[in-house]
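A.B. asks: One letter stands for each residue in the lines below.
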Amino acid sequence: MKRIKEHPILGKEEKRKKIKIVVNGKNIYAYKGETIAAALIANGYRDFRYTHRFNLPRGFFCGIGQCTDCSMIVNGVPNIRTCVTRVEEGMIIETQYGYGDKDGKNERS
Amino acid sequence: MPKDNEKNSIKKIICRCEEITEEEIREAIREGYTTIKSIKRRTRAGMGLCQGRTCSTLIRDIIAEMTGDKKEDILPDSVRPPLYPVELSVLGKKVNKE
Amino acid sequence: MERMREVELLVIGAGPAGLGAAIEASRYGVKVLLVDDKDKPGGQLFKQIHKFFGSKEHLAGTRGFDIGLHLLKEADSQGVEISLQTKVLGTMDKDVISLLVKEREMKLLKAKRIVLATGGIEKALSFPGWNLPGVMSAGAAQTLINIERVLPGERILMVGSGNVGLIISYQLLQAGADVVGIVEAGSSITGYLVHAGKVMRAGVPIYTSHTIKEARGGKSVEEVVITALDRRWNPIKGIEKTFSADTVCISVGLNPNGQLASLAGCEFKFFPELGGFLPLHDDNMESTKKGIYIAGDLSGIEEANSALDEGRLAGISVAASLGYIDSNRFAKLKEDYWDRLNKLRGGPFGHKRSIAKKKILLSSQQKEMRYQEIDCIELEENTKLKNYKSIPSLKEFQEFPGYPSLSRIKKGAVACIECIQEIPCDPCVAACPFKAININPYITDLPYLDENKCKGCGVCIASCPGQAIFVLNYNYSSEKAAISFPYEYLPYPKIGGKAVGVNRKGEPVAEVKIVKVDKRANFDKTAVITIACDKKYINQIRSIERIKDDA
Ligand SMILES: Cc1cc2nc3c(=O)[nH]c(=O)nc-3n(C[C@H](O)[C@H](O)[C@H](O)COP(=O)(O)OP(=O)(O)OC[C@H]3O[C@@H](n4cnc5c(N)ncnc54)[C@H](O)[C@@H]3O)c2cc1C
Ligand code: SF4
Ligand code: SF4
Ligand code: FES
Ligand code: FES
Numbered sequence: 001m002k003r004i005k006e007h008p009i010l011g012k013e014e015k016r017k018k019i020k021i022v023v024n025g026k027n028i029y030a031y032k033g034e035t036i037a038a039a040l041i042a043n044g045y046r047d048f049r050y051t052h053r054f055n056l057p058r059g060f061f062c063g064i065g066q067c068t069d070c071s072m073i074v075n076g077v078p079n080i081r082t083c084v085t086r087v088e089e090g091m092i093i094e095t096q097y098g099y100g101d102k103d104g105k106n107e108r109s
Numbered sequence: 110m111p112k113d114n115e116k117n118s119i120k121k122i123i124c125r126c127e128e129i130t131e132e133e134i135r136e137a138i139r140e141g142y143t144t145i146k147s148i149k150r151r152t153r154a155g156m157g158l159c160q161g162r163t164c165s166t167l168i169r170d171i172i173a174e175m176t177g178d179k180k181e182d183i184l185p186d187s188v189r190p191p192l193y194p195v196e197l198s199v200l201g202k203k204v205n206k207e
Numbered sequence: 208m209e210r211m212r213e214v215e216l217l218v219i220g221a222g223p224a225g226l227g228a229a230i231e232a233s234r235y236g237v238k239v240l241l242v243d244d245k246d247k248p249g250g251q252l253f254k255q256i257h258k259f260f261g262s263k264e265h266l267a268g269t270r271g272f273d274i275g276l277h278l279l280k281e282a283d284s285q286g287v288e289i290s291l292q293t294k295v296l297g298t299m300d301k302d303v304i305s306l307l308v309k310e311r312e313m314k315l316l317k318a319k320r321i322v323l324a325t326g327g328i329e330k331a332l333s334f335p336g337w338n339l340p341g342v343m344s345a346g347a348a349q350t351l352i353n354i355e356r357v358l359p360g361e362r363i364l365m366v367g368s369g370n371v372g373l374i375i376s377y378q379l380l381q382a383g384a385d386v387v388g389i390v391e392a393g394s395s396i397t398g399y400l401v402h403a404g405k406v407m408r409a410g411v412p413i414y415t416s417h418t419i420k421e422a423r424g425g426k427s428v429e430e431v432v433i434t435a436l437d438r439r440w441n442p443i444k445g446i447e448k449t450f451s452a453d454t455v456c457i458s459v460g461l462n463p464n465g466q467l468a469s470l471a472g473c474e475f476k477f478f479p480e481l482g483g484f485l486p487l488h489d490d491n492m493e494s495t496k497k498g499i500y501i502a503g504d505l506s507g508i509e510e511a512n513s514a515l516d517e518g519r520l521a522g523i524s525v526a527a528s529l530g531y532i533d534s535n536r537f538a539k540l541k542e543d544y545w546d547r548l549n550k551l552r553g554g555p556f557g558h559k560r561s562i563a564k565k566k567i568l569l570s571s572q573q574k575e576m577r578y579q580e581i582d583c584i585e586l587e588e589n590t591k592l593k594n595y596k597s598i599p600s601l602k603e604f605q606e607f608p609g610y611p612s613l614s615r616i617k618k619g620a621v622a623c624i625e626c627i628q629e630i631p632c633d634p635c636v637a638a639c640p641f642k643a644i645n646i647n648p649y650i651t652d653l654p655y656l657d658e659n660k661c662k663g664c665g666v667c668i669a670s671c672p673g674q675a676i677f678v679l680n681y682n683y684s685s686e687k688a689a690i691s692f693p694y695e696y697l698p699y700p701k702i703g704g705k706a707v708g709v710n711r712k713g714e715p716v717a718e719v720k721i722v723k724v725d726k727r728a729n730f731d732k733t734a735v736i737t738i739a740c741d742k743k744y745i746n747q748i749r750s751i752e753r754i755k756d757d758a
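These protein sequence lines are chains A, B and C, in that order.
The first sequence begins at 1 in my numbering and counts up by one.
The second sequence begins at 110 in my numbering and counts up by one.
The third sequence begins at 208 in my numbering and counts up by one.
Source of the hints: derived by calculation from the structure; they are not laboratory data.
Treat the numbers as computed from the prediction; the structure is a model and nothing was measured.
It is possible that part of the hints are untrue.
Unchecked claim - Here are a few chain B residues that face chain A, going by a calculated C-beta distance under 8 Å:
(1) Glu128
(2) Cys159
(3) Thr163
To be verified - In the DSS-like style, the derived pairs of lysine-lysine whose C-alpha atoms are separated by at most 25 Å in a straight line are:
(4) Lys420/C - Lys120/B
(5) Lys566/C - Lys180/B
(6) Lys17/A - Lys247/C
(7) Lys755/C - Lys5/A
(8) Lys309/C - Lys32/A
(9) Lys330/C - Lys179/B
(10) Lys420/C - Lys121/B
(11) Lys245/C - Lys17/A
(12) Lys476/C - Lys179/B
(13) Lys247/C - Lys18/A
(14) Lys32/A - Lys247/C
(15) Lys732/C - Lys5/A
(16) Lys12/A - Lys723/C
(17) Lys26/A - Lys426/C
(18) Lys726/C - Lys5/A
(19) Lys180/B - Lys420/C
Stated by the list, open to error - Reference excerpt, derived from the structure (chain C facing chain B, CB under 8 Å, subset only):
(20) Lys294
(21) Leu296
(22) Gly297
(23) Thr298
(24) Ser305
(25) Leu307
(26) Arg311
(27) Ile328
(28) Ser333
(29) Pro335
(30) Asn338
(31) Leu467
Every residue, glycine too, gets a C-beta built ideally from N, C-alpha and C.
With the sequences and hints as input, model every part of the structure.
C.D. replies: Written as structure tokens, this is what we have:
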């Protein structure tokens, strides 16, 4: 979507360090200190995972680490709640399918 | 629970974690499961990682609507610790009694 | 073996309630540990960038995050120990509390007393498609825009017209999104009219007796369907509207976050007026479990002022129970807090909550009835909350004591206060250097304008968290009148430029000229804009169309 560069109450965006993360094999830029979910939404990503039973997309929902909808595979570890996990340089982030376990279920059927 | 692949976003999901639909909850209530606890056992609704935080009030509303029970009489399921999922590796470590 | 750490008081949750409890207990000598699962203290306050309503003594008129900073400073000067990113997992055995620090480390500790101030959790609302990405809780959207500074989407539908839905809609506009509408299942707006007024002036329609029927889309929301409801909240067939939208925000209320209280064995009861199941408490804020106190949204969803005062009350109760305050002193302090709490719960908005709180005290078998101090009969009579489906007519506004008379308007610059519901708010009173605004005797009474004292200076405009005060100058020039109003959007209009003057519903009225943009520092980021327009629009124009930034 869009980053809020200027804001009537919060003022100008503060200068933050740009870092690189890898989302489904693609390099994108994020800001140090922000959550993975924020970085993804700012870059236009909204479907973070596909569900186990109905294979339907899910994304950012509760924003406080409660609903687990925003879970993705981060550096190979599935079920990481991206709304409460902050980006780190070089982080590898992948869409999660089902439970994202290693036995091939993360392949798109 | 069989894994069906029918992709139908129009289906109304009640329990987001376990993907249990409104129809499945209503079916369970019709079968006579009329408490939040028993519906959880029957359908898995409320058994997800959020521990029912998202869906239990929705389930309460459906029970109230179908059975005519007062909402205040439909008790939440009992809470069990830990309140948040904790990684096994952390639980396994020696606890720091500072 | 090392001995397990034991604290005198463990406060769980660092929102206004928890901070209040920690500050007061510390003030009287109690050693306090305050924990919160977030990485910043302040609870709800840190996401709130708007000026808070409430009383001046509660820092009303100050923006939420600034109130948070103020409380933190107070906590710091009282020597409160704060541990962040610390989740309370529950009670292990008997009195041992388990904490998870930074997801990595488990700690166990004992506490002589506990204050639970865990706040509320947003309620869910299910509809077909609510599982699609793009549907989110209003609080989640608020975190994105105000903390992460990322827009959740560009065209947003808000579900729910309570204060939270109204305020977050307003903040989404400030962040640069479009709010395509607010739907409300009830037949009238449930939040304060002044908050609804802000978004309506910005052109956001509020659909009362409507709900969301469906969100549609492939990978995320692309369109939404809303439907009209009959009096029993059943959809009326055929009355549907489809909007293109990429985001749906759900704001249908909060539930007390009672999981820890439930684990601790506190007794719960159902109070729909206060958000649902909640732990009972006595007039010391002690739950049915001895030594465990509760405060804030956990003890009933209210607002920050009452959360803070309940917290402070819990704090002094703990201090007294540990022998740090003698009983006479404690009785006096307690009296004061109840007095303040009762006042906050006055007026028609607070009435139901006030009665529910009374029941809570009764259920916890309190002989002493604090609520007798508020005259219940009097409340009963004026509890008829006037609900509005939309912004009322000019005639209706003119019936209230904040609207100047026609003859006064013709004499020259005068304030026009369009605040017509009894809400707990009063910063306008202290703002006026000429004492022309009164709210008496209760904070929930309506603001009254003494039109002969008012000099039309406009200082009150920016002080009003409801943005409900305007200054009308009929004699700006021989043909033109001037109207001043608050404005918190970017970009600001340019002095000398033209803009579209809008009425209370955001409908265009006439082209106007910008004559002043006042951004002085003590207005705290609320600009006061003055426009010149035809004299006949003096009672109509209340803002301008937002200027679209195409940069
Ligand atoms: C959009 C919006 C606008 C508002 N506007 C106003 C306004 O203008 N004026 C006003 O007076 N009020 C306003 N309010 C209401 C006000 O913010 C709340 O009533 C108030 O914050 C409640 O305070 P609290 O301390 O009870 O809870 P909170 O502020 O919610 O704090 C609770 C804290 O406890 C923590 N916690 C919960 N469980 C645990 C656990 N197990 N372990 C560790 N920590 C835990 C949470 O993370 C949180 O930080 C608004 C609320 C919202 C959502
Ligand atoms: S315009 Fe000035 S004098 Fe009039 S009420 Fe407002 S602050 Fe007071
Ligand atoms: S007019 Fe006064 S009481 Fe009404 S919202 Fe504004 S500051 Fe509060
Ligand atoms: S959005 Fe709910 S856990 Fe992240
Ligand atoms: S939504 Fe049902 S358990 Fe999470």
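A.B. asks: Does Lys17/A lie within 25 Å of Lys245/C when you go C-alpha to C-alpha?
C.D. replies: holds, 22 Å
A.B. asks: Within a Cα-Cα threshold of 25 Å, do Lys180/B and Lys420/C meet the stated pairing?
C.D. replies: holds, 24 Å
A.B. asks: Going by Cβ atoms only, is Ile328/C closer than 8 Å to chain B?
C.D. replies: holds, 6 Å
A.B. asks: Should the interface hint for Gly297/C be scored as holding, given a Cβ-Cβ cut-off of 8 Å against chain B?
C.D. replies: holds, 3 Å
A.B. asks: Holds or violated: is the Cβ of Leu307/C closer than 8 Å to a Cβ in chain B?
C.D. replies: With a closest approach of 6 Å, the Leu307/C hint holds.
A.B. asks: Are the Cα atoms of Lys755/C and Lys5/A separated by 25 Å or less?
C.D. replies: With a Cα-Cα distance of about 15 Å, the restraint between Lys755/C and Lys5/A holds, given a limit of 25 Å.
A.B. asks: Given Arg311/C as an interface hint, is the shortest Cβ-Cβ distance to chain B below 8 Å?
C.D. replies: Holds - the Cβ of Arg311/C comes within 8 Å of chain B, reaching about 6 Å at its closest.
A.B. asks: Lys726/C and Lys5/A: Cα distance at most 25 Å?
C.D. replies: Distance of about 20 Å is within 25 Å: holds.
A.B. asks: Checking one constraint from the list: CA of Lys247/C to CA of Lys18/A, max 25 Å. Satisfied?
C.D. replies: Given that 25 Å is the threshold and the Cα spacing comes to 22 Å, the pair holds.
A.B. asks: Tell me if Leu296/C is really an interface residue toward chain B, meaning its C-beta lies closer than 8 Å to one of theirs.
C.D. replies: Nearest chain B Cβ about 4 Å off; hint holds.
A.B. asks: Using Cβ atoms only, decide whether Cys159/B comes closer than 8 Å to chain A, and label the hint accordingly.
C.D. replies: Holds, because the Cβ-Cβ distance from Cys159/B to chain A comes to roughly 5 Å (cut-off 8 Å).
A.B. asks: Sort out whether Lys426/C lies within 25 Å of Lys26/A, counting only the CA atoms.
C.D. replies: holds, 19 Å
Hint check: no violations occur; every hint is consistent with the structure.
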